[in-house]
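J.: Chain residues, written in single-letter form:
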Amino acid sequence: MSRKPQVRHIVQPKSKSRAEQLKFLAELRGEVQKRPQKTFNVKKFLIISAVVVALSLAVVFFAGYRLNAIDAYNQQVEETGQGTINTSSPIYAILRLVALIELGIYVIYAVVKLLAPKRRKPNRSIWGDIGIYLMLAIVAVAMVFPLVFSVCSALKPLDELFRFPPRVFPQRVTLDNFSDLIVTMGQSWVPFMRYLTNTVFITLVGTFGHVIIASMAAFVLAKYDFPGGRTFFSMVVTALMFSGYVTGIPNYIIMSRLRMIDTYWAVILPAFAAPVGLFLMKQFMEGLPTSLIEAAHLDGAGEFRIFWNIVMPNVKPAWLTIIIFSVQNLWNTNAATVIYSEEKKTLVYALQQIQAGGIARTGQAAAVTVIVMLVPVTIFILSQSRILETMASSGLKD
Amino acid sequence: MSSFIGKYAQVKRNQFRYNLAKAKRMKVCYLFLAPYAVLFFAFFILPILSSIYYSFTYYNILEPPKFIGFKNYINLILQDQVFLTAMKNTFLIAVITGPIGYILSFLFAWFINELPRWIRTIAVVVFYAPSIASNAFVIFLIIFRGDAYGYLNSFLLQFGLINAPYLWLSDPKYIMPVIIVVILWMSMGTGFLSFVAGLQGVDRSMYEAGYVDGVRNRWQELYYITLPSMKPMLLFGAVMSITQAFNVCDVPRALAGYPSTDYAARTIVTHLFDYGFSRFEMGYASAIATVLFLMMILCNKVIQSALRKVGT
Numbered sequence: 065m066s067r068k069p070q071v072r073h074i075v076q077p078k079s080k081s082r083a084e085q086l087k088f089l090a091e092l093r094g095e096v097q098k099r100p101q102k103t104f105n106v107k108k109f110l111i112i113s114a115v116v117v118a119l120s121l122a123v124v125f126f127a128g129y130r131l132n133a134i135d136a137y138n139q140q141v142e143e144t145g146q147g148t149i150n151t152s153s154p155i156y157a158i159l160r161l162v163a164l165i166e167l168g169i170y171v172i173y174a175v176v177k178l179l180a181p182k183r184r185k186p187n188r189s190i191w192g193d194i195g196i197y198l199m200l201a202i203v204a205v206a207m208v209f210p211l212v213f214s215v216c217s218a219l220k221p222l223d224e225l226f227r228f229p230p231r232v233f234p235q236r237v238t239l240d241n242f243s244d245l246i247v248t249m250g251q252s253w254v255p256f257m258r259y260l261t262n263t264v265f266i267t268l269v270g271t272f273g274h275v276i277i278a279s280m281a282a283f284v285l286a287k288y289d290f291p292g293g294r295t296f297f298s299m300v301v302t303a304l305m306f307s308g309y310v311t312g313i314p315n316y317i318i319m320s321r322l323r324m325i326d327t328y329w330a331v332i333l334p335a336f337a338a339p340v341g342l343f344l345m346k347q348f349m350e351g352l353p354t355s356l357i358e359a360a361h362l363d364g365a366g367e368f369r370i371f372w373n374i375v376m377p378n379v380k381p382a383w384l385t386i387i388i389f390s391v392q393n394l395w396n397t398n399a400a401t402v403i404y405s406e407e408k409k410t411l412v413y414a415l416q417q418i419q420a421g422g423i424a425r426t427g428q429a430a431a432v433t434v435i436v437m438l439v440p441v442t443i444f445i446l447s448q449s450r451i452l453e454t455m456a457s458s459g460l461k462d
Numbered sequence: 087m088s089s090f091i092g093k094y095a096q097v098k099r100n101q102f103r104y105n106l107a108k109a110k111r112m113k114v115c116y117l118f119l120a121p122y123a124v125l126f127f128a129f130f131i132l133p134i135l136s137s138i139y140y141s142f143t144y145y146n147i148l149e150p151p152k153f154i155g156f157k158n159y160i161n162l163i164l165q166d167q168v169f170l171t172a173m174k175n176t177f178l179i180a181v182i183t184g185p186i187g188y189i190l191s192f193l194f195a196w197f198i199n200e201l202p203r204w205i206r207t208i209a210v211v212v213f214y215a216p217s218i219a220s221n222a223f224v225i226f227l228i229i230f231r232g233d234a235y236g237y238l239n240s241f242l243l244q245f246g247l248i249n250a251p252y253l254w255l256s257d258p259k260y261i262m263p264v265i266i267v268v269i270l271w272m273s274m275g276t277g278f279l280s281f282v283a284g285l286q287g288v289d290r291s292m293y294e295a296g297y298v299d300g301v302r303n304r305w306q307e308l309y310y311i312t313l314p315s316m317k318p319m320l321l322f323g324a325v326m327s328i329t330q331a332f333n334v335c336d337v338p339r340a341l342a343g344y345p346s347t348d349y350a351a352r353t354i355v356t357h358l359f360d361y362g363f364s365r366f367e368m369g370y371a372s373a374i375a376t377v378l379f380l381m382m383i384l385c386n387k388v389i390q391s392a393l394r395k396v397g398t
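The listed protein sequences derive, respectively, from chains A and B.
The opening position of the first sequence corresponds to residue 65 in the numbering used here, with each subsequent residue numbered one higher.
The opening position of the second sequence corresponds to residue 87 in the numbering used here, with each subsequent residue numbered one higher.
Just so you know, the hints here were simulated from the structure itself, not pulled from any lab data.
Each residue gets a CB set at the ideal place from its N, CA and C atoms; glycine is no exception.
There's no promise every hint is true.
[To be verified] If the Cβ cut is set under 8 Å, some of the chain A residues that face chain B in the computed set are:
#: 1; residue: Gln85
#: 2; residue: Ala337
#: 3; residue: Val436
[What the hints assert, rightly or not] Estimated spans, in silico, between C-beta atoms of each pair:
#: 4; chain 1: B; residue 1: Thr207; chain 2: A; residue 2: Leu268; range: 54 to 60 Å
#: 5; chain 1: A; residue 1: Met324; chain 2: B; residue 2: Pro202; range: 17 to 23 Å
#: 6; chain 1: B; residue 1: Phe127; chain 2: A; residue 2: Ala400; range: 45 to 51 Å
#: 7; chain 1: B; residue 1: Leu132; chain 2: A; residue 2: Asp244; range: 43 to 49 Å
#: 8; chain 1: A; residue 1: Met199; chain 2: B; residue 2: Asp348; range: 49 to 55 Å
#: 9; chain 1: A; residue 1: Trp191; chain 2: B; residue 2: Glu294; range: 55 to 61 Å
#: 10; chain 1: B; residue 1: Asp233; chain 2: A; residue 2: Pro377; range: 41 to 47 Å
#: 11; chain 1: A; residue 1: Ala83; chain 2: B; residue 2: Pro202; range: 35 to 41 Å
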């Protein structure tokens with residue numbers, strides 16, 4: 065299978081005529097005066113921004129004034145016991161939203177104009193940038209809202225959890241839910257800390273073993289060409305496509321044959337062989353220069369020494385990546401199908417139990433949710449730049 | 087003709103000998119691969135094979151498996167009404183959340199890529215956090231709660247858009263849309279990270295060359311330069327998002343209950359769990375698993391061959 069060297073075609077969109085191209089080339093050579101560069105027009109900018117701000121403020125004030133007036137009227141009427149005006153008409157919400165969006169456009173425009181580097185990237189129109197930033201901002205708020213909401217509910221006292229209308233942010237911040245969690249669960253059959261310890265144990269052992277075993281396999285797959293290696297790797301890539309619940313039932317049968325049902329190993333052993341980790345590690349290791357390994361060979365190092373002293377220190381970013389994927393996987397495992405004893409259950413299982421407790425346990429359920437989500441998110445935030453470095457080599461080549 | 091076959095056999099034999107000799111020389115490679123390979127075969131390959139085997143048997147763990155031919159599959163398609171519901175729901179979820187989640191992850195990765203460095207860091211965390219904090223979706227139980235204290239209900243009530251609280255998670259009419267929204271919320275996963283990283287790795291000089299050659303706006307740039315250079319990541323992201331789209335199980339189980347009202351949120355995976363771990367009809371459950379496996383592999387192959395053609 066010899067492949068022709070690929071010639072990357074020079075991009076020639078059809079929109080440009082021959083005359084335009086000639087003109088452009090002439091400009092490049094400096095024969096024709098360059099088109100005047102669009103410069104930042106301070107006057108125009110100030111006028112536009114002033115109009116926008118005035119508009120939005122007017123809208124906000126108008127809506128606020130109307131609402132206040134109606135509220136005052138309602139209070140007055142309530143004393144006399146007559147009918148009140150419904151302030152919850154959607155029109156005010158829409159007005160406020162419009163004002164907010166206007167303000168948002170203005171702020172982003174200002175940010176783009178004032179903070180962005182003076183030399184703008186080519187092919188980027190300012191209005192396109194504003195539209196995209198605005199969309200990003202709206203979607204980001206939508207993405208982060210449930211997470212913020214769960215943290216806030218964990219910090220609310222009981223009466224605020226059931227207040228109508230509910231508020232997002234707590235008025236009186238309290239840690240009662242967390243202490244309740246430990247106190248009430250501490251008196252139950254299996255203390256809460258036990259669930260936490262189980263999950264921590266499974267996550268630590270599973271991740272550690274996975275990193276070692278998967279990097280060993282990835283090292284030889286990436287750097288040596290031996291019979292069967294490619295076939296094995298293509299099997300792993302296929303396993304990427306179905307990993308998950310498909311193997312749940314046979315895994316249960318295999319585990320019961322191995323007499324590992326109801327032990328931690330039933331969760332940990334399959335996690336050792338997670339295909340995503342091997343895949344990412346192998347793709348990253350392919351980027352290591354082969355000369356490094358050859359040089360070590362010439363200096364008389366054995367394979368294991370090369371692996372441990374030369375390759376492993378050089379792939380630290382990839383470690384972090386497969387650690388985060390493994391932690392995410394194991395930390396969120398509920399393992400209810402392979403672990404039966406209550407004292408070996410995981411944190412997520414406890415979370416589901418607490419939620420099944422219903423309304424009375426709402427606060428504690430929110431507290432557990434926060435604990436469960438805190439760990440993977442924190443690890444990700446701390447190791448983010450390294451992870452992105454690895455993911456750059458994550459592509460699936462033909 | 088016979089000489090041709092003989093020669094072919096000779097070549098094959100030589101190849102085999104050569105490979106064997108090579109394998110002997112590189113023994114240490116197999117040593118390195120062994121721990122992973124053993125576990126991989128035990129927990130990924132063997133399960134698939136045994137799942138295919140058990141799907142042709144009646145097996146309830148207590149008695150030894152009894153061979154019954156295609157009966158499981160026939161029952162699955164002709165008798166099991168709930169399986170058809172599950173199939174419909176799974177396809178609905180996969181068809182909506184798969185492509186939309188995939189395209190959104192790429193678009194947002196692309197938008198984020200243009201931000202200044204420190205905002206980019208924050209944005210990546212914000213977009214990726216929902217999928218990494220994957221059990222945090224239970225907070226939607228409070229947001230979509232059926233009484234007036236539920237966040238969405240009270241919000242809509244306050245603005246007079248509805249008169250009485252809706253049972254978002256118990257009414258079969260609303261269960262699926264709610265679940266699809268939640269899954270979309272979580273869909274910026276591994277593929278998204280891969281895109282963000284891949285975009286940073288695209289050669290800058292290509293953009294400059296494109297500008298000189300007459301690329302006029304960001305969309306042309308995306309189509310002519312960015313997409314072709316991102317192809318490996320696009321394939322990887324597709325694999326991840328298809329796998330995710332078919333593997334929907336935790337979200338409907340946690341939000342809509344298990345079993346859900348009128349099986350409105352039943353997916354293939356929850357059906358599999360029902361038969362496998364509640365009724366212990368392992369043979370039948372294996373048939374479901376095999377169908378799911380075949381569907382995922384087929385879908386992946388089709389989409390990969392389609393994606394290979396992008397931008398060339």
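J.: Hint compliance check: list the failing hint numbers for this structure, sorted ascending.
T.: 4, 5, 6, 8, 9, 10
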